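The primary structure of each chain is shown beneath.
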Amino acid sequence: MQLNCPMPKFDFDVITLGHGSGGLLTHKLLESGVFDLFKNDLLDQQHDGASFSLSGDVSFSTDSYVVTPIFFPGGNIGDLAVNGTINDLAMCGAKAKYLSLSFILEEGLTMEEFWTILVSIKEAANKADVKIVTGDTKVVEKGKGDKVFINTSGIGIMHPKAKIHHNNIQTGDKIIISGQLANHGITIMSLRKGLEFETTIQSDTAALHDTVMQLLDKFGDSIRFLRDPTRGGPASVLNEIAGLTRLGYQLHQSALPIDPQVEGACEMLGLDPLYIANEGVFLAIVKADVADEFLSALQQDSNGIHAAIIGEVTNTNTGKVILNSSIGGQRVVGFLPGEQLPRIC
Amino acid sequence: MKFLSEYRDPELARQYFEEIRRVTTKPWTLMEICGGQTHSLVRNGILDLLPDKITMVHGPGCPVCVTSISVIDEAIHLAQKENVILCSFGDMLRVPGSSKSLLEVKSAGADVRILYSPLEAVQLAQQSPEKEVVFFAVGFETTAPANALSVIQADKLGVTNYSILASHVLVPPAMEALLSDPENKIDGFLAAGHVCTIMGMEEYYPIAEKYKTPIVVTGFEPLDLLQGILMTVMQLEKGEYKVENQYARSVQREGNRLAKDSIGKVFTIDDRQWRGIGSIPQSGYEVNERYKKYNARLKFDLNIPLAEENKACISGDIMKGLKKPVQCPNFGTLCKPEHPLGAPMVSSEGACAAYYHYSDKNN
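Here the protein sequences line up with chains U and V, keeping their order. For the record, in the first sequence the residue sitting at position 329 is 329 according to the numbering used here, with numbers rising by one throughout. For the record, in the second sequence the residue sitting at position 7 is 7 according to the numbering used here, with numbers rising by one throughout.
Careful: at least some of the hints might be erroneous.
Below, a list of computed lysine-lysine pairs in the DSBU-like style, where the Cα atoms sit at most 35 Å apart [unchecked claim]:
no.: 1; chain 1: U; residue 1: Lys-138; chain 2: V; residue 2: Lys-106
no.: 2; chain 1: V; residue 1: Lys-131; chain 2: U; residue 2: Lys-142
no.: 3; chain 1: V; residue 1: Lys-100; chain 2: V; residue 2: Lys-131
no.: 4; chain 1: U; residue 1: Lys-142; chain 2: V; residue 2: Lys-100
no.: 5; chain 1: V; residue 1: Lys-210; chain 2: U; residue 2: Lys-144
no.: 6; chain 1: U; residue 1: Lys-138; chain 2: U; residue 2: Lys-39
no.: 7; chain 1: V; residue 1: Lys-53; chain 2: U; residue 2: Lys-147
no.: 8; chain 1: U; residue 1: Lys-28; chain 2: U; residue 2: Lys-9
no.: 9; chain 1: U; residue 1: Lys-144; chain 2: V; residue 2: Lys-260
no.: 10; chain 1: U; residue 1: Lys-142; chain 2: V; residue 2: Lys-26
no.: 11; chain 1: U; residue 1: Lys-127; chain 2: U; residue 2: Lys-9
no.: 12; chain 1: U; residue 1: Lys-147; chain 2: V; residue 2: Lys-106
no.: 13; chain 1: U; residue 1: Lys-147; chain 2: V; residue 2: Lys-100
no.: 14; chain 1: U; residue 1: Lys-97; chain 2: U; residue 2: Lys-163
no.: 15; chain 1: V; residue 1: Lys-265; chain 2: V; residue 2: Lys-26
no.: 16; chain 1: V; residue 1: Lys-53; chain 2: U; residue 2: Lys-144
no.: 17; chain 1: V; residue 1: Lys-26; chain 2: V; residue 2: Lys-293
no.: 18; chain 1: V; residue 1: Lys-238; chain 2: V; residue 2: Lys-106
no.: 19; chain 1: U; residue 1: Lys-147; chain 2: V; residue 2: Lys-81
no.: 20; chain 1: V; residue 1: Lys-53; chain 2: V; residue 2: Lys-238
no.: 21; chain 1: V; residue 1: Lys-265; chain 2: V; residue 2: Lys-238
no.: 22; chain 1: U; residue 1: Lys-147; chain 2: U; residue 2: Lys-131
no.: 23; chain 1: V; residue 1: Lys-106; chain 2: U; residue 2: Lys-142
no.: 24; chain 1: U; residue 1: Lys-144; chain 2: V; residue 2: Lys-81
Derived from the structure by calculation, the hints contain no laboratory data. Values in this document were obtained by computation on a predicted structure and should not be read as measured data.
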């Protein structure tokens with residue numbers, strides 16, 4: 001869905017320090033842009049915060065977004081910031097309901113860029129059926145930021161059947177990935193200065209909560225663990241839980257779903273796709289006897305077309321992640337030392 | 001993926017393992033020269049599947065690992081100069097010099113940039129006329145042509161604020177240094193496919209002959225390595241010592257004429273200090289007389305005192321094939337990728353890094 005939101009007439013072509021002053025310019029910017037665009041009953045109260053009542057168990061999560069470049073094939077920092085927090089909540093087993101939205105803008109960001117970001121935030125929120133209910137805008141001097149940084153926090157309602165915790169993982173459980181690996185990271189990398197190479201790969205940024213809620217309806221506590229492998233990729237997620245659970249996590253190289261272009265880029269740059277960031281992919285650990293059914297249900301969903309069972313939990317090699325190479329050898333997949341590529345999300 | 005999956009075929013790999021097992025009757029020690037080969041062997045789990053009689057030792061072919069501590073000190077000295085932009089391949093940043101690494105001086109405010117090609121550094125020099133742009137030209141024969149081209153390009157464009165800090169090292173003199181070491185245990189070599197793609201195979205015939213050691217030019221994919229190992233073992237079992245080419249899809253006997261020409265235009269062969277190994281005569285490239293105004297050492301009148309290597313690091317023994325990374329008392333304890341004692345633990349081609357990341361012998 002493409003929103004038809006013509007850019008309102010702003011007094012300036014670019015963001016200036018005055019837009020963060022709290023004074024007239026801030027007021028005008030919010031009045032003519034933000035409040036109209038995100039209009040909803042809670043935001044319209046125009047308080048310092050949003051007040052509402054919720055019943056039952058909720059999840060609460062926050063994340064900051066500093067990706068550079070801010071526009072990339074498949075999305076921009078705006079929809080990334082909405083989907084990212086929605087997904088963090090979904091991984092807890094919650095369906096996002098309300099989001100906060102805070103900007104740190106760098107002086108000189110064009111109004112056109114800012115508007116494009118605002119519109120895609122609105123589109124992503126509409127699509128995911130979440131409301132932006134409170135927010136903040138600050139402006140820093142030129143050179144003190146990088147165009148725009150966004151923070152979103154979110155509150156979501158827990159699915160009644162969700163029992164997602166690494167403590168529930170057991171030997172024999174299957175490791176499932178919901179989509180192709182490394183698309184987001186390689187997309188960003190292909191745009192970075194000095195690294196420009198041509199691909200048709202797009203970022204996979206997407207909200208995953210509807211997919212996850214449907215799976216929870218069907219499989220309940222057979223879903224032991226969920227995590228979106230963003231920075232550091234699935235290798236980092238699995239190492240983290242291997243350390244916590246003291247179980248072994250075995251992967252099969254030949255089962256990993258990877259787009260040939262992404263695989264080629266990784267070969268060329270000497271990167272391991274297991275460590276590269278994803279934005280619309282989740283890793284699930286599920287009870288073995290529902291794994292096949294879980295997989296086929298996931299593959300019916302537009303977020304899970306490329307889903308695959310990529311490994312299993314073992315009681316050997318405890319505390320470690322082991323990859324069975326396609327030629328029959330084995331290796332340890334360890335933690336990544338340092339950064340593979342900074343500012344990816 | 002086309003041109004990759006063919007060289008990772010599990011059934012063919014199984015057949016190679018079986019064949020290697022069948023022909024091996026005596027214990028042999030083989031050295032793969034290149035760090036890229038070391039990583040492929042470890043990452044694909046090949047080492048554990050080879051017969052016990054075959055010992056693979058890991059050669060000095062990791063440019064970051066063999067770059068001497070003094071050269072890193074030179075780069076750090078340049079990076080800290082007020083108007084200098086120091087450009088480098090990413091790998092070099094975390095390698096410790098005598099007191100700090102480039103990454104540390106970058107964090108403290110030095111202008112250090114990671115580039116993928118030296119030609120970008122020439123562009124950067126054009127865009128920043130008020131700055132001096134220095135490219136840290138590290139590597140074996142493989143990266144030398146591109147570094148040479150950057151100098152030729154800068155000269156053609158009349159770019160005067162560009163220079164390179166050359167620290168090129170050469171494979172054949174290092175092989176001779178290893179083979180003439182009284183402690184040498186190497187029976188055969190897998191030569192580095194990429195180096196030979198540039199330089200060809202001519203330099204290796206006299207070495208194979210003089211030291212009666214088989215040399216098989218080998219690629220980097222699992223099947224390349226398995227075939228290279230099989231070819232070397234077959235020669236050893238028959239008592240032969242020939243130079244053979246496993247990596248024929250990339251390597252020609254005479255190498256790449258154009259690349260060699262550009263090296264010849266810009267560089268001259270010089271003695272070179274190797275980290276952990278010491279000085280090897282005629283084992284590196286330095287910018288020649290004709291292009292001396294692009295030599296950062298002369299341009300900035302560098303005179304950095306020779307620094308001592310960290311005595312706790314046994315990288316020399318590892319790169320000579322005398323010890324394995326896990327035999328180092330500091331492996332995985334005092335020395336880890338996040339706080340390395342020596343370069344082999346940080347470089348993406350370093351043997352210690354390969355063992356640390358991919359094998360379970362690090363706990």
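How the hints compare with the structure:
1. Lys-138/U x Lys-106/V: Measuring from Cα to Cα gives roughly 29 Å; hence the hint holds.
2. Lys-131/V x Lys-142/U: Holds, at about 22 Å.
3. Lys-100/V x Lys-131/V: At roughly 24 Å apart (the allowed maximum being 35 Å), Lys-131/V and Lys-100/V satisfy the hint.
4. Lys-142/U x Lys-100/V: 32 Å, holds
5. Lys-210/V x Lys-144/U: Given pair Lys-210/V, Lys-144/U is violated - Cα atoms ~63 Å apart, limit 35 Å.
6. Lys-138/U x Lys-39/U: 20 Å, holds
7. Lys-53/V x Lys-147/U: Roughly 60 Å between the alpha carbons, so the hint for Lys-53/V and Lys-147/U is violated.
8. Lys-28/U x Lys-9/U: Status holds; Cα separation ~11 Å.
9. Lys-144/U x Lys-260/V: 46 Å, violated
10. Lys-142/U x Lys-26/V: 69 Å, violated
11. Lys-127/U x Lys-9/U: 26 Å, holds
12. Lys-147/U x Lys-106/V: 22 Å, holds
13. Lys-147/U x Lys-100/V: 33 Å, holds
14. Lys-97/U x Lys-163/U: 20 Å, holds
15. Lys-265/V x Lys-26/V: Violated - the C-alpha atoms of Lys-26/V and Lys-265/V are around 47 Å apart, more than 35 Å.
16. Lys-53/V x Lys-144/U: Judged against 35 Å, a Cα distance of about 61 Å means the pair is violated.
17. Lys-26/V x Lys-293/V: Between Lys-26/V and Lys-293/V the Cα gap is close to 55 Å, so the pair fails against 35 Å, i.e. violated.
18. Lys-238/V x Lys-106/V: 54 Å, violated
19. Lys-147/U x Lys-81/V: Holds - the C-alpha atoms of Lys-81/V and Lys-147/U are around 29 Å apart, at most 35 Å.
20. Lys-53/V x Lys-238/V: 16 Å, holds
21. Lys-265/V x Lys-238/V: Answer violated: Lys-265/V to Lys-238/V is near 42 Å, above 35 Å.
22. Lys-147/U x Lys-131/U: Measuring from Cα to Cα gives roughly 25 Å; hence the hint holds.
23. Lys-106/V x Lys-142/U: 21 Å, holds
24. Lys-144/U x Lys-81/V: 24 Å, holds
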